[in-house]
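Q: In order, the protein sequence lines correspond to chains Z and B.
When you line the first sequence up against the working numbering, it's residues 1469 to 1704, in that order.
When you line the second sequence up against the working numbering, it's residues 1469 to 1704, in that order.
These are calculated hints, taken from the structure and not from any lab test.
Be aware that one or more of the hints could be misleading.
No copy labels: a pair is met if it fits in one copy or bridges any two.
[As the list claims (entries may be wrong)] Keeping only pairs whose Cα atoms sit at most 27 Å apart, straight-line, the calculated DSSO-like set for lysine-lysine is: (1) Lys-1559 - Lys-1602; (2) Lys-1554 - Lys-1602; (3) Lys-1501 - Lys-1480; (4) Lys-1554 - Lys-1501; (5) Lys-1480 - Lys-1602; (6) Lys-1602 - Lys-1501; (7) Lys-1480 - Lys-1559; (8) Lys-1554 - Lys-1480; (9) Lys-1501 - Lys-1559.
2 protein chains.
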Amino acid sequence: MSERFFLAAAPKDGQAVLVNDEARHLSRVLRAKVGDEVRVFDGSGLEWTARVITIGRDEVTLAVGEPLPAQTATGPRLTLAVALPKGDRQKWLVEKLTELGTARLVPLATHRGVAEATPSAVGRLQRGVIEACKQCGRNTLMEIAPPATLETLSALLPSDAIRLLAHPGGRAFDEVVRPDAHDIVAAVGPEGGFTDEEIASAERGGFQRVSLGPHILRIETAAIAIAARSLPHCSP
Amino acid sequence: MSERFFLAAAPKDGQAVLVNDEARHLSRVLRAKVGDEVRVFDGSGLEWTARVITIGRDEVTLAVGEPLPAQTATGPRLTLAVALPKGDRQKWLVEKLTELGTARLVPLATHRGVAEATPSAVGRLQRGVIEACKQCGRNTLMEIAPPATLETLSALLPSDAIRLLAHPGGRAFDEVVRPDAHDIVAAVGPEGGFTDEEIASAERGGFQRVSLGPHILRIETAAIAIAARSLPHCSP
């Protein structure tokens, strides 16, 4: 896969602009010249080949052609609501969920949670999504939704979404999720787990407990495992 | 889960010895005293409660009771043969596979592979397995097998093992692996993928290509996704 660049704004009138890090990476690190060809995507699902027209200090202008054939994948739309882990584990979580096709990550505020979804943390998560998309060939950004609690989360969901709570002692994933599921939301709690009150409240909201094997999984492992169990399929 | 310690040797005559880091962690970091109770496992699948008898410089002697009831989990026995990624990604791979119950990790030598399974690298992987076991409550160590190629790998396998090759354009995982599979081996190639020759040779050896969604997964993501798709189930 050749190098891909992220457009902060969709192409307009056959032109697009790379800015900031994307522009600097192309102009200074890769030392691109006018006329060079690159691939670009804007996170909406489309991808283009483009040609360098002008190279400025922090801005590269591109001539953009017709969009390339869109990726088609079928499978459930997965929302993961996760009590964010700390530090590098947060970065990993985002990289892996992006690669695995998760549609949306919701930072989940919980009683025992440790990492807050501050604006700067959310900014880091969003940059992580873009980096992973560039690398793995994904053209639709994973959405980083505003923080929610288990209760406010329900309001975001279609009424027929399958609601899962990752918790030891639950049923096996495949018993709860049918292969033709089209909307899944799964909540993953903090280290130490959800409180009894949180579990009771979630169950009243239609969440079902699922278990992910016999061991105590770390936050990011549980989330990645659910994403892997919900992988989209390629259409031929 | 209370703190767990790894025994390098099985208990004998009701006693066991913690050595090196395990001993120092208990005696110096946790400042254990004679008579304190801990939990220990030796990687064979058993776990005990034990009581501190003597505390030496790099050695703690324990009185060990009857083993605790063994974990029971059903599901496929998964061997992952992986072209090892570099640096932290290797560490992550081992932590996640251990949590997810993978039975065996085989460092896979491939044409395009970058990280060699030197003895010191294998030592690091083995320490990573122990650390992850302590944390996630797993009592049977994940085996780190000697390095293999796709060809020598076949010799390790029971003849009825399901053989998978993670490769774009393959069939979906659930089409190839039945829920009642009992022995799975999955090969994950290096960045840049397997060569055509490697794929042809593996296919002659009975490997089937499986695809893990529409994106280009990093090595460790592909391996973790396969482990998550093969999760053991808890028995009630």
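Q: Which hints from the list above does the structure break, by number from lowest to highest?
A: When the structure is compared with the hints, numbers 4, 7, 8 and 9 turn out to be violated.
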